[in-house]
Structures are given as C-alpha cells and as structure tokens.
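Undergrad: Going line by line, the protein sequences match chains A and R.
With my numbering applied, the first sequence covers 1 to 408.
With my numbering applied, the second sequence covers 1 to 301.
These are computed hints drawn from the structure, not numbers from a lab.
Using N, Cα and C, we set each Cβ at its ideal position, and we do this for glycine too.
Nothing false has been slipped in among the hints.
Facing chain R, according to a computed beta carbon distance under 7 Å, are these residues of chain A, among others:
#1 217
#2 258
#3 344
#4 346
For the chain A half of the interface with chain R, some residues (derived, Cβ under 10 Å), not all of them:
#5 8
#6 197
#7 199
#8 202
#9 220
#10 223
#11 227
#12 228
#13 249
#14 250
#15 254
#16 255
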Amino acid sequence: MKTFTAWQYLLMEAATQHSQGKETFETRIQWAKDNLHHLESLQDTAEEPALYAVAVMAIRKVQAGKPIGTLVSMDAVCSGLQLMSVLSGDLNAARMTGLVDSNRRPDAYTDMTGAMNKLLQKAGMAHVAVSRGEAKEAVMTAFYASTAVPKRIFGEGTQELDVFYKSLEQEAPGPWALVKILVKAWNPKATAHCWVMPDGFEAVVPVEVMDTARIEVEELDGTSFTYRYAQVAPLKKGLSLAANVVHSVDAYVARCMHRRLNYNPWQFKAWEAKITETLLERVLGTSHDIYEESHTFLSGWLHTGLVDVNILDYAKIEQLPTDMLQRLLKILHRSLADFPVQLVTVHDDYKCHPNGMNRVREEYKEILGEIADADLMEDLLEQLGVPGYKKLSRSMGNIIRSSSYALT
Amino acid sequence: MRVTDYSLQEMYERKYSEYLLRKEISDWLEDAYAPQLEAATQALTDWLHTPATYASKQDRLNKVIADLEPRELVLKAACMVSMQGRLTMQQAAAQMITGFPSHWGMPVPDMVRTASEILARIGWEDLYTVEYGGGQEPVLISDMELPAMFAERIQLAGHPLPMLIEPEPLQSNRSTGYINIPGSLILGSRHNHHEGEICRSVLEIQNSVGMKLNLDFLMKVDDIRPTFETQEQETQWENLNKDTKLIARDLIKAGNWFWFTYRVDTRGRMYARGYQINPQGNSWRKAMLELHREQHVEIDP
Numbered sequence: 001m002k003t004f005t006a007w008q009y010l011l012m013e014a015a016t017q018h019s020q021g022k023e024t025f026e027t028r029i030q031w032a033k034d035n036l037h038h039l040e041s042l043q044d045t046a047e048e049p050a051l052y053a054v055a056v057m058a059i060r061k062v063q064a065g066k067p068i069g070t071l072v073s074m075d076a077v078c079s080g081l082q083l084m085s086v087l088s089g090d091l092n093a094a095r096m097t098g099l100v101d102s103n104r105r106p107d108a109y110t111d112m113t114g115a116m117n118k119l120l121q122k123a124g125m126a127h128v129a130v131s132r133g134e135a136k137e138a139v140m141t142a143f144y145a146s147t148a149v150p151k152r153i154f155g156e157g158t159q160e161l162d163v164f165y166k167s168l169e170q171e172a173p174g175p176w177a178l179v180k181i182l183v184k185a186w187n188p189k190a191t192a193h194c195w196v197m198p199d200g201f202e203a204v205v206p207v208e209v210m211d212t213a214r215i216e217v218e219e220l221d222g223t224s225f226t227y228r229y230a231q232v233a234p235l236k237k238g239l240s241l242a243a244n245v246v247h248s249v250d251a252y253v254a255r256c257m258h259r260r261l262n263y264n265p266w267q268f269k270a271w272e273a274k275i276t277e278t279l280l281e282r283v284l285g286t287s288h289d290i291y292e293e294s295h296t297f298l299s300g301w302l303h304t305g306l307v308d309v310n311i312l313d314y315a316k317i318e319q320l321p322t323d324m325l326q327r328l329l330k331i332l333h334r335s336l337a338d339f340p341v342q343l344v345t346v347h348d349d350y351k352c353h354p355n356g357m358n359r360v361r362e363e364y365k366e367i368l369g370e371i372a373d374a375d376l377m378e379d380l381l382e383q384l385g386v387p388g389y390k391k392l393s394r395s396m397g398n399i400i401r402s403s404s405y406a407l408t
Numbered sequence: 001m002r003v004t005d006y007s008l009q010e011m012y013e014r015k016y017s018e019y020l021l022r023k024e025i026s027d028w029l030e031d032a033y034a035p036q037l038e039a040a041t042q043a044l045t046d047w048l049h050t051p052a053t054y055a056s057k058q059d060r061l062n063k064v065i066a067d068l069e070p071r072e073l074v075l076k077a078a079c080m081v082s083m084q085g086r087l088t089m090q091q092a093a094a095q096m097i098t099g100f101p102s103h104w105g106m107p108v109p110d111m112v113r114t115a116s117e118i119l120a121r122i123g124w125e126d127l128y129t130v131e132y133g134g135g136q137e138p139v140l141i142s143d144m145e146l147p148a149m150f151a152e153r154i155q156l157a158g159h160p161l162p163m164l165i166e167p168e169p170l171q172s173n174r175s176t177g178y179i180n181i182p183g184s185l186i187l188g189s190r191h192n193h194h195e196g197e198i199c200r201s202v203l204e205i206q207n208s209v210g211m212k213l214n215l216d217f218l219m220k221v222d223d224i225r226p227t228f229e230t231q232e233q234e235t236q237w238e239n240l241n242k243d244t245k246l247i248a249r250d251l252i253k254a255g256n257w258f259w260f261t262y263r264v265d266t267r268g269r270m271y272a273r274g275y276q277i278n279p280q281g282n283s284w285r286k287a288m289l290e291l292h293r294e295q296h297v298e299i300d301p
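Isolated chain R (complex conformation) (with noise of 0.2 Å):
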C-alpha cells in the first residue's frame, strides 16, 4: 500500500459519501441555521405536546412520543430539504420514516402520516416553505442557502468513488470494503438484508481486482451523445457526462490505481458499486476501465 492513500482515501470517502456529506451539512447548518432550527425545534416539541385534534392521531402520536427527538428531526428535515432545494411530501416522508424505529410496529401509511405532520409543522418555521393546494400534491422547497463548497458534492453523494486502497476485509453483510462508509452488502431495500451466508470471499477476490483508467482512451474518446426527446434528459446526459470527468480526474490525480467495491443481489448476481464510473456502465464507461496490472502480450509469428 502506498504511504500516504489510506488517509486520502479516508479524505475521497468524506468528499463523495452521502452518510458523511449529510453530518457535514447538519453541522454547518447548525451555525449557520441556529435561531432557524431552534425555534423549529421548539415549535415541533409544543405541537408533539399539544393534544391532538381527533383521538386516533393521539393514539398514535401517544406511541411514538417518548422515541422522538424534536431536534433530530429538525435537522434531518433541514439537511434533506437544503441538499435537494425542492422535494414532493412523498419522497420527504418517504425519507424521514427511513429513521423511525422499527419496534413501534406502526403501519407504513401511518408511519407516513406521522412524518408528514413533522414536516409540515417544521415548514411553519423559515427554513422550508411547504407549497399545497389546487389539488397538488405538497411540495417542500428550501429557504436556506447551502454554500458552493458543498454544490459539486451534492451533485455526486450517493454513489462511492472506487477506492484509493485495496478495500477492507468483509467482516460482516454490514460490511462494505470502505473504511467510513456503512450499508448492507445485500442491493435493494431494506427487507433484503439478512446474516446469513453470501460468500462474501468472492466479493472479497472481486474487490482486489486493481484497475485504472485508459488515459489514452479517455483524451481521444467522448461519450456518444444519443437523441433526446426532453431537454430534461439531455440536462441529465450532460451532468452524468460531466460528473464521470469530474471523478475521472480525481481519480487519475490520486494515482489512478482503485478499486471497485461489490455487493449481491438478493439471488448472488453481484454489483460494483458507483454510477458514474463503473464496469457495468454503458461502452464508453466500460472501455475506460482496464487492468491495473499490465501483461506483455506477445504476436505471433
């Protein structure tokens, strides 16, 4: 291993993870947000307290009052809405229920109903609008300003970088080959995950695969731009272009020598992750890709 890439590996993972992007976000807005998020907090504790309308909601508020943190909430909510700027309820409460323990036993559209009151009532305050009416459906849109050292990552969370450093063992399902970066081998939603035997030793041979990125091919060869029907999914093509070069470039200032990291499916089909740069990518990405480790091949005679 070269000296110096486990701690910029540790630096890669804290730029692209969405897990460590959003403590960061929560932590800057805190400072930047503190009488915003205060009184939202406070606003969310009076109407957990404030009796409830019709009995059925005090029923269920009555169950999941002891578990609930205002400011946790509060936070959450803010860094969720800031990071996408404007979120449908759907996918807000979608997300907030993600955090909800699972021993209350409560049914989804409960659960749903539940963190639709929370984000409503933290509209109320000035770090989201909550646009509705007309027969739309609600719509959270930011009222707070993320700075421009946070836009570029935003835009690429979600999705880890190869790694710097041969990823680590797999101790675990719940391990994933990064050194901060948590989540479950098996793909898919939540109710996929379980302990039992994956063969994590293949995904552990796959993993040490090292690879780079074909220089030459990448200075002579762009990516075909198909026909678009929408300006929508041109604008889409030409992030997805533009963020492959961005991590393109960062990969080939540290080094270019990485590694995939990969996960199963639920049946063992197995995943590198990562979107923009990826060997189950489109041809362009998967011509970019090759071996770390060089052979001469010889021509015959």
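Looking at chain A on its own, in the form it has when it is part of the complex (with noise of 0.2 Å):
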C-alpha cells in the first residue's frame, strides 16, 4: 500500500474538495503543491466550498506551526458494489472498487459506463452513448434490488435495458448473482428478518407494512379522515434485503475499525501479553486448547472464520481456540504499532485527523482483507434460510491487503 505523510493527506484532502477527487493521490498532492501560495483565490470553483475552505485554513495553521483538529475524509469507492465484490469472490467487481492495485484511480461507474457502451456498440446501437451519470444511478440502484430506476433510465423492455442488465452480469457476475439470492432468501411469512454478524450483533430488521384506514368520529359530526399507518405483518415479497444485508456488513466494518482504531492502549497491552502468555504454554505444552464449540461467543467464528477484539470483552483468553489467539494477537500488534486514532465515521466514509489516515486505509483494506478469505456470506445466507451458497474466489485477501485505493 502507497502511505502517504499527514501532511500530504491534508494536501489530499484540499485537492479533493476542490476538483481533483477522481485523480490519484500524486495528482491531487502536485495540484494542491502548485496551488500552495494562492488556494484561497481557488475558493471559488471549489465542488465543496465548505470543506476546501476548512482544509485550506487547516494548512495555513500547520504552515504556522499550530497544531489541528481537522478531520481528513476518505471513503469506499461504490461501498455497495465493494462489500458485494469482497462476500462473492468477485475480482473483477473488486478491481473496479479499488481492491486491486492498478496505479489508476478507481471508479466502477466509469467502468461500467464504458462496459455498457461497448456492448452497445456490439449489438450495433452505436448511436445510443448512456452517460457516466445515468449508468451510475441505474448501478447503484440495481445492486440494491432496484428494477424501477433502471426502467426509468432505460425505458421498460428495451434494449438498452438488457444491455444494462448484461453489462452487470458481465462485469460484476459474484456481486449481481448476490443480488438476486438476497431477493429471493425474503420469507414471505416472517414479521421480521434476522441474522447474527461474526461480532455478535443482533440485526433484526421488522417487515413493516403500510396500511390504511378510514376513521370516522361521531364528536365531529361523523367526519372521517384516511389514517395511514405501518404495522408489523408479514410481507409476500421485499427487495429489501440485497440493501440491508450489505448495510449490516459495511456496518460490521465500520465497527472494526473504531475498536482497533480507537483502542485503549492499556487494555490491549494486557491482552497482547496474557494471549502470548496463553500461546507459549500451549507450543511449550505446559497448558492445551480447551475450547468447546458450544460456547455461544465462537459462533461467529465457527461459522464464519472472523474474529474481531470486542470477544475478549467477555470470553477468557485461556479458552479460546489457538487459530482464534493467533488472528487477535495480529489484530492487537498492528494497532498496537500506532497510535490510538479517534475516527468519525458516515457508514463507507471514514474521518480523522491526518497524522492517522495511514492506520484508517491500512485497516480498512484488512478487514475487507479478512471477509474475503472467510465465509461471511455463507453464514448470513444460511441464517436467512439459504445454504449452500459458494464464492466465486477465497483467495482474494492478499491482493486486497495490497491495494491502495479501496478508500479514496
């Protein structure tokens, strides 16, 4: 992974509120270097005035020799469409998403836009160019369940629809066959969807039906009003799941990240210590894996082959199984080779101070690095009633390890 000096994120960040979000780091550092002595006078054109402004005043305070409280922003290239590459395997999905390293600043509208003009073209409607614009609500939508808005862009039955639909199967198969699994794991007879994700946490998501109904009050003469009203019921069909499913996964995510970000340095030096402890008497003998599967705390593990810090929060180290120590003990060295990082975070966008955007990105693409060499996917499905589901790829972790545009 390019790492990159604070200071050098701050010019980033300055450059990419002004314009230069869709070039590559280096391009965005040069742009705000040669702009250095006159970016206030660029006010103006900025895309976001707010947030160029406060990074420019951030700049002029550290070229003062002040110090900062400003918050540096990155986030996931099409979040959806990532989390989505990484559950199915999906290298292709991934390279459009900034998960493999390519020296070019990733964008899959860009990609799909592209994809779906040359199949266009193929099928000899060269005359029909679909804009990056119209590609990108159609996508984003289309991989959240969605078949009105493409019908909207496209036009129902047409051509230009199948295309779309092609350019998705062709370019993104893992996240587009997800897609149609999710809608269709909708149980038509449960009043709410749950599953469990590796770190314990409990979505429970009520299918909520709107209904309608007449009232009338005799104290007003019998005048009635139309009362509209959500209740719990079950629900023949939803597209709901394909959205809540990656929601609770980028979720997942984000809650990885503030607990090896934002640790408390004391806390994980103890743990570091009785966990190598706890691994030296097992390779000296001295004391053995004791862990029983019924332990409800392994279950993510069990099923999934993820594991995040918060399971020391309850479970005794010396009962946890040793492949489990040895990924916590990984997970505890790298934050522990930083500082701790205060994050503030919007789902996919990640925000801190400049001195600890190096952490953010290198963490971030670990964890993603962790989903795709496990079975998370596998796991959801089979708790929403589908088993059996297999991913394209298990051997994406390590090119996702290496990449550096899975924030941007």
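Given two chains presented individually in distinct reference frames, assemble the corresponding complex, making use of the accompanying hints.
TA: Rendered as structure tokens:
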C-alpha cells in the first residue's frame, strides 16, 4: 500500500474537495503543491466550498506551526458494490472498486459505463451513448435490487435495459448473482428478518407494512379522515434484504475499525501479554487448547472464520482456540504499532486527523481482506434460510491487502 | 471532567429535551389554564361514562376505560396542541396513541378512533378548537398562548444537542448516554427496539470522541443558500440555518468541547444524534466540526 505523510493527506483533502477527487493520490498532492501559494483564490471554483475552505485553513495553520483538529476524509469506492465483490469473491468487481492495485483511481461507474457502451456498439446501437450519470444511478440502485430505477432510465422492455443487465452480469457477476439470491431469500411468512454478525451484533429488521384506515369521528358529526400507519406483518415479497444485508456488513466493518483504531492501549497491551503467554504455554505443552464449540461467543468464528477484539471483553483467553488467538494477536499487534486514532464515520466514509489516515487505510483493507478469506456470506445466507452459497474466489485477501484505493 | 460541566449538561438537557420540555409546559399549563383543564377533565370523564350511541363503540371503550386517566389525557392533548399551534387530527391521534398501553391488544385503527374521539371531546372546551367540515381533514388549532420563554426551545426541541460532558456508559439498549434523556439506542419505529446484542461498546467508543467547532470557519463561511422552489422551503432553510447558529453559540459559550452520542439502525449502521449540528449533516455542517484533541502536522521537507 502506498503510504503518505500527514501533510500530504492534508494537501490531498484540499485537492479532493476542490475538484481532484477522481485523480490519483499523487496528482491530488501535486495539484495542491502547485497551487499552495494561492489556494484561497481558488475558493470560488471548489466543488465543495465549505470542506475546501476548512482544508485550506488547516494548511495555513500547519504552515504557521500550530496544531490542528481538522478531519480529513476518505470513503469507499462504490461501497455497496465493493463489499459485494468481497462477499462474493469477484475479482473483476473488486478491481472496479479499488481492491486490486492498478495505478489509477478506480471508478466503477465509469467502468460500467464503458462496458455498457461497448455492448451497445456490439449490438449495433453505436448511436446510443449512455452517460456516466445515467449508468451511476442505475448501477447503484440495481445492486440494491431496484428494478424501477433502471427501467425509468433505460425504458421498459428496451434493448438498452437488456444491455444494462448484461453489463452487470459481465462486469460484476458475483455481486449481481448475490443480489438475486438476496431477493429470493425474502421470507414471506416472517414478521422480521434476523441475522447475527460475526461480532455478535443482532440485526433484527421487522417487516413493516403500510396500511390505511378510514376513521369516522362521531363527536365531529361523523367527519372522517384517512389514517396511514405501519404495522408489523408478513409481506409476500420484498426487495430490501439486498440493501439491508450489505449495510449490516458495512456496519460490521465500521465497528471493527472503531475498535481497532480508537483502542485503549492499556487494555490492548494486557490482552496482548495474556494471549502471548497462553500461546507460549500451549507451544511448551504446559496448557492446552480447551475451547468448547458450544460456547455461544465462538459461533461467529466457527461459522465464518472472522473474529474481532470485542470477544476479549467477555471470553476467557485461555478458553479460546489457538488459531483464533493467533488472529487476535495480529490485530492487537497492528493496533499497538501505532497510536490510537479517533474516528468519525458516516457508514463508509472515514474521517480522522491527518496523522491517522495511513492506519485507517491499512486497517480498512485488512478487514476487507479478512472477509474475503472468510465465509461471511455463506453464514449470513444460511441464517436467512439459503444454505450452500459458494463464492467465486477465496483467494482475494492478499490482493486486497496490497491495494491502495479501497478508500479514496 | 471540568467541575461545573455536569450541572451545565443537565441544564442543556432541560433546555432542549422535548421530553423535559413537555413536562415543563405541562406544569406551566396546569397553573395558567387550570380552570379550562379542570373543565375539560370533567367533560372527558363524563363522556367516558356516558353510554355510547352504538354497541361496538361501547365495547371498545369498555376495554380501555379502566386504563384511561382523563386528567393525563387532557394535559397531554393540551401540551401537544399548545406546542405545535396547529396540527391535523391524524398527527394528533398518532401522538396520542403512543401513550396507550400495549396490553389492550387493540387494532391500530381502533386506537386511532378512540384517540380522535377523546381529542374531539376535549376540543369542545376552551383549550383548542377542532375545525372540520367541507371534506377536509379535521385540524386542531390552539387557543392557548405559551410565553415567549418556550418559543426558542420548542423550535429546537426533539434533537438533543451534543453533550458537554463525555456521555454516560451505555448500560442497556434503552440508555442514551444523556443524563436525563430516555430512549432506545435502536433508531426508527418502536417495532425496531430489542434487548439483544447491538455492540454498545462501539457506540461508547464513538461517544468518547471529543469534538469542537472551528471558530475561524464559522466566522468566515456560511452555508450556501440553495435555490428554493417555494417560500416554505426558504423559510425552513432559514430556520435551520438560524437554529444551527443558536446551538453553535450555546456550544461555544459552554466551552466549545462536546461529544456526540450515537445510535444504531436495525442493521447496525451508526448515526450521531442531533439535527442542526451533526457530523452526518451537509458539507457546511461537516466542515464546522473538528477533533477537540489537536495534533501537530509536520510539513514535508
């Protein structure tokens, strides 16, 4: 992974908020350096004037030798598609969303637009050109199972709509198959869809159905009005599982990020020492791996191969399996190698002080790498009553770990 | 923790909490409109004990009459209408049924019907007027006048401010981090609440991040005024802009060091509380926030 200095992240922030967000990190830094002496004069042309202004103020403060509390921001490239590419093991979709190193700033929507226009050309429709804006809106919503938006953009029953769906299948076969499976996973008899994430979070999503009733009020001379209300009831068909499951995964990633970055050093050091001691005793044969599969806190690990440090809040270290302890030790080592980083997150948007951004980018990729190596989607679908899911590839973890543009 | 901050936090919770504001307004109404409240309570009591004109209505009222406290219902209705000035029967009934006990096991339309009848009956007294007829939905219009001291608070209530002390530990899914503001840590409708695992420790980590407002920025940069299609949109934008500045003023006066409190949705996504000042607000609102803990950044050679 390419790393940068805090100063470079600050320059990058100004460039991104001005107009350079689609450029490589190096180009953004160079843009800010080239304009460093007159950044204020570019205020009026900034795409995000408020965020640009605050970045420029921070740059001037740093130049004056003052400390700053300014937040710099990086967000996931097409978050939903990115996570679905990891969950389904789809290397091509991963490439489009920055998880494969390619020396360019990835942009899945541009790639999808290009793919669609090529297919249109092949189909003898070279005169029809799809814009990035159209493709973006259609792709974004299609991966959350919307059929209405693509229909609105490309027309119902048109060749353009067929080409759009073909391009999804061609460019992102894993995520697209996942959308279809998640739509089918809807339980028409359930009043709530429930699943548990590897760190124990219980997603309980009630099925709410909108209903109306005519209310007549005798005390108002029989005047009536219509009352609209939501009630929990089974629903024959629903599309929301695709978005809900993927959002539960981005929330899981965010929770791991907060735990591992804004950690308590004393707590982490104590855990590190205890785990090291336990592993050493097991190597020396003075103690043994004595975990019992029945422990509820092991469920996430046994089903998915994923674990996070919160398990140490409530489990006894000596009762945890060796391979899990080794994984936890790696997490603790990575965290302890750097200072704690305070994070402010909005789902897939990660903000921190510029001094912490290398750690944010590193750990985000690590967590996605862990998911790529694990069986998270298999487990989630099994919980939703769809067993037997097989992802396309299980060897993307290290590719993701060495990428640079997972967050941009 | 700074010595006086706990009491300051309590004061701000009182000032901006809708829950606490309702209590204060109820107390004030009990003094200022005592005769009207008394008359409405008596009228409602009489109405509840008068045989209904049709059997299904009587059956419905029989199920609930033991749980209905006329004085509480009158106060709740008076408080709601006086705070909002004007609201539709649908809005008013929706708020009234939130206080109805779940053990009634009554279908929602029947609860709304009962609430509407109660609201209509109270409206015969001198607290508010119910306008109806002409095919329009009934509207409740306040005849009460609240003193000016409540006006700003009503405008800002409902979205608790960031905290002036580090939020309290989250002991259950019904703790919020605030000292006196109750609620669920799971956002959205009441159906969403459960007592299962929601990884509160991560919410506590987020709650622990001290923030401040960037004063240089606030003095130099205002929110960009969008193009409005209606006068109502413009008024809404202006009110929100003004409210944001009022709250910013309060936060700065209190020392410009505060903490957001976070909640989750049913999937686990996390959201900071507060509306006017929030890290998930628009670009201007995002830009005004920074970490309280400042650090030096070294300039590359």
